[in-house]
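Please arrange chain D on chain B, whose structure you already have, making use of the hints.
Top to bottom, those sequences are chains B and D. Residue numbers for the first sequence follow the numbering used here, so the first one is 74 and each next one is one higher. Residue numbers for the second sequence follow the numbering used here, so the first one is 74 and each next one is one higher.
Simulated from the structure, these hints should not be mistaken for lab results. Among the hints, a few may not be true.
One copy or any two copies: either way a pair holds, since identical chains are not told apart in the list.
[Unchecked claim] Capping the alpha-carbon separation at 30 angstroms, the derived lysine-lysine pairs in DSSO-like fashion look like this:
#1 K715 / K636
#2 K323 / K416
#3 K715 / K702
#4 K82 / K423
#5 K640 / K357
#6 K636 / K356
#7 K134 / K415
#8 K134 / K640
#9 K157 / K323
#10 K472 / K536
#11 K636 / K357
#12 K526 / K506
#13 K423 / K548
There are 2 protein chains.
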Amino acid sequence: MTTTATTLKGQPLDKASLESLLRRRMFYTPSFEIYGGVSGLYDYGPPGCALQANIIDLWRKHFILEEDMLEVDCTVLTPHDVLKTSGHVDKFADWMCKDPKNGEILRADHFVEDVLESRLNGDKEARGQKVEEKEEDPKKKKKKSKGHEAVKLDDAVVQEYEEVLAQIDNYNGEQLGELITKYDLRNPATGVQPSPPVAFNLMFQTSIGPSSNIPGYLRPETAQGQFLNFAKLLEFNTGQMPFASASIGKSYRNEISPRAGLLRVREFLMAEIEHFVDPEGHKKHHRFHEVENIELELLDRHTQLSGKTITRRLTIGQAVTDGLVDNETLGYFLARIHLFLKKIGIDQSKIRFRQHMANEMAHYACDCWDAELLTSSGWVECVGCADRSAYDLSVHAKKTGAPLIVRQRLDEPKIVEEWEVEIEKKKFGPFYKKDGKTIETAILATSQEERGKLAKELEETGKAVINVPSVGDGKVEVSKDLLAIKWQKRVENIREYTPNVIEPSFGIGRILYSLMEHNYWTRASEGGDEARGVLSFPPAVAPTKVLIVPLSSHKDFAPAVRKLSQKLRSAGLSSRVDDSSASIGKRYSRNDELGTPFGVTVDFQTVKDDTITLRERDSTRQVRADEDKIIEAIRALVDGTKTWQDIEAELPLFEGQQEVEVTVR
Amino acid sequence: MTTTATTLKGQPLDKASLESLLRRRMFYTPSFEIYGGVSGLYDYGPPGCALQANIIDLWRKHFILEEDMLEVDCTVLTPHDVLKTSGHVDKFADWMCKDPKNGEILRADHFVEDVLESRLNGDKEARGQKVEEKEEDPKKKKKKSKGHEAVKLDDAVVQEYEEVLAQIDNYNGEQLGELITKYDLRNPATGVQPSPPVAFNLMFQTSIGPSSNIPGYLRPETAQGQFLNFAKLLEFNTGQMPFASASIGKSYRNEISPRAGLLRVREFLMAEIEHFVDPEGHKKHHRFHEVENIELELLDRHTQLSGKTITRRLTIGQAVTDGLVDNETLGYFLARIHLFLKKIGIDQSKIRFRQHMANEMAHYACDCWDAELLTSSGWVECVGCADRSAYDLSVHAKKTGAPLIVRQRLDEPKIVEEWEVEIEKKKFGPFYKKDGKTIETAILATSQEERGKLAKELEETGKAVINVPSVGDGKVEVSKDLLAIKWQKRVENIREYTPNVIEPSFGIGRILYSLMEHNYWTRASEGGDEARGVLSFPPAVAPTKVLIVPLSSHKDFAPAVRKLSQKLRSAGLSSRVDDSSASIGKRYSRNDELGTPFGVTVDFQTVKDDTITLRERDSTRQVRADEDKIIEAIRALVDGTKTWQDIEAELPLFEGQQEVEVTVR
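Same shape as in the complex, but just chain B (with noise of 0.2 angstroms):
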C-alpha cells in the first residue's frame, strides 16, 4: 500500500515543497484559516478556481456534448423520506470507535491501516529495509513515527498483515472490532484500545421551514435528483432508451476526521452521470467498439481477496469478454473514463482500476470499479463506476406511486400465457367479512408456482388452502366457488420495464489534486534552481494560458499590452499581465508555479514592428513573430491542434534575451 511518490520527471516528490507552492500561489488554502480552520474544508483561491472550471468544461465536452445527455441541477436540500427511500439514513455511515482515554475519535478502518501499517514499517526498519511511507498532514506524520518501533514481526505475521491491508476496504464495524482486539491495536496518542466499532452516518442535519417542519439533509451525491426525476427526462428524451443524465454539483459527507487535504473533505464537487439502460440485453453500449481496444490497468475483487494488490493490463473488449468486467456499458464507460482523464493531463502510469469487494461496495450497487489514482497517499479513489442496477428507481417508485418505469412497444405483439387468479367478488368479501381484504392481497400476491400448485389443489379436492399469517392459525380454506386459477393467455403490445443505471461519479476535488502532483516538477532535473518549481498542466486545462510581461512598468509599452490583452481575450485565451518590478526570470518563474504554459514578452522591439517573442513554460524555448501570428499558435496550441514542435519548425527561435535575473526598469 505505501509508495514512494515521483514528480512528473521521475523526481522524487518532495511534499513539503509542492504543499508550500500550492498553498503560497493560492491554488487551495484552508477554509476559515483566521477562525482556526475547519478540518475538511478548503476553498480554491484564483487558480485553483480557473483549474476546477476547466476540467469541467472538459469533463462536459467530453461527456455531456459528445454523447447528448441530459443535464439536471438538482438542490442541495433533500427532505428524509427521499433518502430513507434510498437507503442512505440506515446505511451512509462509516465505523468509528473513541479512545476511552482522551476521547479522540477515530475512524475504525483508518486506524486498523495506521497501526499495521506502522508495525509493518518497524518490522522493515528492524530488517534494515527502505522505509516508504504515505505522506499525509504533519500532524498523523508525528502521531505515526511515535507509534512505529523498530520491531522484526515473524514472516508468518507480515503476510497475514499484508493480507489484511489488501482487503481492508472489505470489512464491516464488527469485524474491524475482532481485527482491533486480535491485534491489540492500540492508539499511539495514549497507548490504549479504542472502544468497539459504531456506525456513524456521514449526512449532514439540517431541517427546513420556519417550525423546523421539515427534517432533512445535504445530499452525499447528486444521484437522488436524478433518479427522482426520471419520468420527466424519458418524456424530455421524447421516450426514446437509453440515454444518460448529468449533474455537476456540490455534495456533502460529515467525515469522521478528515485529512489529507484535498484528498478527504466534507464538502466537495461531484460529477455524476446515471446511464439508463435496458437490462435485457446483456447491456450492450451502441459504441462500444470504438473503445474496445483501449488497454487499462486492472485489479479484480478476486485478487485483491487473495491478499494481493497485483493489476493486470487488458483490453476492455477482453475483459467484458472475459466477464472479468460484467457488462459493455459498464465497459464503455470505464475506458472513457481512461480518456478523460488521460485528456486533462493525469500521468498513464498512474491509474489503475480497482473492483470492489462485496461488503465494499455501497448498499445500491451491484458491481462497482473505481479509478484509483496514484499520489502521495497511496492509491486514491477518485472516480467510482457503479451498476446500481434497478435499485433506486425500483425503491422510490414503490414508495411514491410514481411509474419510474419505461413502457416499451413491443415490435411483435407478444403472447403471454400464464396463471391467472379470477375471484368471485361478489360471494368472496361477504364470505371472509373483515379478514377479505388481506385473503385477497395473499392469493394475488402468489407465485406463478404456487399458483400451479393451487390450481392443482381447486381441482382435484374443489378447495385451496392459503398461507395467511395474519388470519386464524395462517392457513384459510378457498372453495372453488369464491376463487378459481386458470392457465390463460394473453396479448401483450407494450413491455414494461424498470431500467437498470451504469453511474460513472467523479470527485473533482481529488482529480484536481492529483493532477496537481501529477504535473509538478522541479528544474532542478535539469541543473537549474532546486526551488524552482512547475507545473506542467496541458494548456487546455492550465488555469491561465498566457502571461503577458511588458519588459519593464514603463509607460510606453501599455498600448502594446492593451491590445494584445483584448486581442486574446477575443480569441478566448485568459491571459494576465505581470507589470510588476520584478525581473523578467522572476515573473516567469511566479508563472511557472502557476502553470501558466504560455509567455509573451512586450519589449522595444514590439513598439516599433508588433513582433512579440512566445516562450513555452516546460522547455523555456521561445520563437519571435508578429502578434497576429504568436495569437494563432497559441490558440492552436491550446486547442491540441499543434504541438510545441510544431510551432517551432513554423517560427523563427528566438535567443536573444536569456531568462537573466536582471531588473529592468
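Quick look at chain D alone, frame taken from chain B:
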C-alpha cells in the same frame, strides 16, 4: 405596486400558459415532486441548466475576465463564530406571525402587503375601475380572491394604504405589528388577526464533525468567504489596490413561506463581487468615464418615503454629480450591471434601480441600490449593489486579530503632530497597585482633545484628573511625575487602512426567471396559432444554438446529420438533432418553445450538394447555402458580430418549404 405584465411583443402575459410551457419543456420543475415536493426548492432540467450555464459564462466574461477579478470558491458550510461576528446570527431574520386559529405561519411584511392590496383592489372594484393583480401561485390567488370584496374606501384611506405599500420594506417587526392592529388586518383564511411579529433567523443550521462539536450554518451569501481570504487575495494581487474578488455558488435562506416559483427559493445560485477600495479619495473609479453617459431609471430613498414610486431617468454621471448615487465606484457598478442585464436579453423598459431605505438595508450596508426587474409578480429585486463600507473586514479583524488591512507605502513621508502620552511605568504600577492597569487603559483611550486639556492641567496644577468610572468615585488624580503629555512630531512612511467594499450581488435564479418572462411571446400576434409560444433568447444565452432537422428519419440522412453535428461541435456551437416522426413544423415549434434561435433542415438536396437551409426563430425566415457558409453564419450570429439582416443580405433566401403540418415519413 400592481402591474399588468406583458410579453416581449406587448401582448398581455398569460402566466399560466408560460408556466405550463416552462414545466413541459423542463426549464425547471419542483424538486422531489413525486414525494409531494418541498416549497421553495426547484430543479433545473436540461434547458434551464444550459440557460443558467450560459448566463454564468457571460457573467464571468463581463465581470471577472473584463476586470481581472480574482475568483474564489469557498465552502457553503460555515462555522457559527464567523456568522456570529458578521452579525448574521443576530440580525439575519425576517418577521414572522402565526395565525392563532389554524397555526399558519405568515411572513409579516407579505401579510400586510397582501391584505392592504386586497382592500385597494376591493375599493377599485367598488368604484368600477379595472383591477390589476400581481399573479403569483394559484393557491395564493384563490386565497386572495376570498379576502377581496368590493368595498369602497375613503379617498384618504386609499392614499394612506398606498403610502404604506410604497415603503413596506422600511418597517421593522414592531411597526408591522402596529400596522396589523391599526388597520385590523386579518388572515382571510380564518378571519382572525395573527400574533405580533417575531424575528425568525433565515439561516439553515447544521453541525460539523462526528460528535456535533462545531455548530454551523449553510452560508446565506458567498461574501464572507471572500472577506476572510482578504489578506491572501491582496498578496496574490501583489499588494495592489483597488482589486475585486468574485464568487459564483449556492447560498441558502430558510424562507418563511416561499411562493412565487423561482423568485423566492430556499437554495439559490449567487454571483457576488467584492470590490475593495481605499475609502480616501471619494471612492473614484478609473474606468468611470467609460460608463458616465449611460442612462438609468432611478427610484431614490426620498421618493419612496414620500409614498411614491416614480423613477427618474438620469445618466449615471449626473446621478453621481448630484450626490443621488454616493460615489463613482458604486455608480460604475450600477452601470455595468445595467449593461450586463441588457447583454443577456433583459427588456430595457423593465429595469429600474431602487435605493434602499434606512431600515430596509442589511445590517452591514451604508448605501444600497437594487436592480429591480418588472415581472408578473411586480418589481423584483434581482441584483443588489451595496456599499458595505469597512464593516466586514473590521469586525473579522477585531474578532480574530488578523490584519485585514492594506499597508500603503507613502510617496512622501507624512509628518504627524499630536499629543502623545508618556507613563512613568516604574512608579505608576507600584503607586496605583491593582487599579494601575485600569487607569493606564483609561489614559491611553483619551482623545486628542482631552489630552490637550489634560496637558494644560498638568502644566498648570502639576496633576490631572482622569475619569475612570470603575475606580473609586470615578475620578483619579495623577501627578506629573507619573504622567507626561507632550505635543510630538512623528514621520510616517506607511499608511495602514481598512478598505471599503462595494458589493454587486446577483441572484441568478431570479434573473433567469425574469429573462424567461421578458423573452416570451406567442405567435398569436402574427395571426398564428395561439398556443405557439416562443422564447426569444438572444443567441448567446439560448440553451441550444442549433436544431438539426432531417426531413425524415430515413437512414440516407444519417451521415449528413452526423457530419453536421460534428462540425457544429468543433465550432463550439451546441446543437441537438430532432429526427422524430413529427412534422418539420411541429419540430420547429417545439424548439421555439425551447428558445433555440436557429434551425437547419437536412433534405434530399443536402445529400446531393451539401447545401442546407438555415431558419431564424423569430422571423421564421430561411436562407440556403452550403454547409460551411451556414455554420460560419451561425457562428457570427451567436458571437453577435452579425445580425439576421446581415445574413439575409449575404445568403439567398429560401422559400421552398413552408412550415406546413405535413408529416413526411
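Verification of the supplied hints:
When the C-alpha separation of K715 and K636 is checked against a cutoff of 30 angstroms, the pair qualifies both within a copy, at 25 angstroms, and between copies, at 23 angstroms. Taking the shortest Cα distances, K323 and K416 sit within 30 angstroms of each other both inside one copy (23 angstroms) and across copies (29 angstroms). Taking the shortest Cα distances, K715 and K702 sit within 30 angstroms of each other both inside one copy (13 angstroms) and across copies (25 angstroms). Only within a single protomer do K82 and K423 lie at most 30 angstroms apart by alpha-carbon distance; the minimum there is 13 angstroms, versus 59 angstroms between protomers.
Proximity of K640 and K357 under a CA criterion of 30 angstroms is satisfied inter-copy only: 28 angstroms between copies versus 48 angstroms inside one chain copy. Taking the shortest Cα distances, K636 and K356 sit within 30 angstroms of each other only across copies (27 angstroms), while inside one copy they are farther apart (55 angstroms). For the identical chains of this complex, K134 and K415 are neighbours both inside a copy (14 angstroms) and across copies (28 angstroms), given an alpha-carbon limit of 30 angstroms. Taking CA atoms no more than 30 angstroms apart as the test, K134 paired with K640 passes in both settings, with 25 angstroms inside one copy and 14 angstroms between copies.
Proximity of K157 to K323 under the C-alpha cut-off of 30 angstroms is found in both arrangements, the shortest distances being 20 angstroms within a copy and 25 angstroms between copies. Taking the shortest alpha-carbon separations for K472 and K536, neither the intra-copy value of 35 angstroms nor the inter-copy value of 83 angstroms comes in at or below 30 angstroms. Proximity of K636 and K357 under a CA criterion of 30 angstroms is satisfied inter-copy only: 25 angstroms between copies versus 54 angstroms inside one chain copy. For a Cα distance limit of 30 angstroms, the shortest separation of K526 from K506 inside one copy, 26 angstroms, qualifies, whereas the shortest one across copies, 102 angstroms, does not.
Taking identical chains as interchangeable, the C-alpha atoms of K423 and K548 are never at most 30 angstroms apart, the minima being 63 angstroms within one chain and 74 angstroms between chains.
In this structure, the hints that do not hold are numbers 10 and 13, in rising order.
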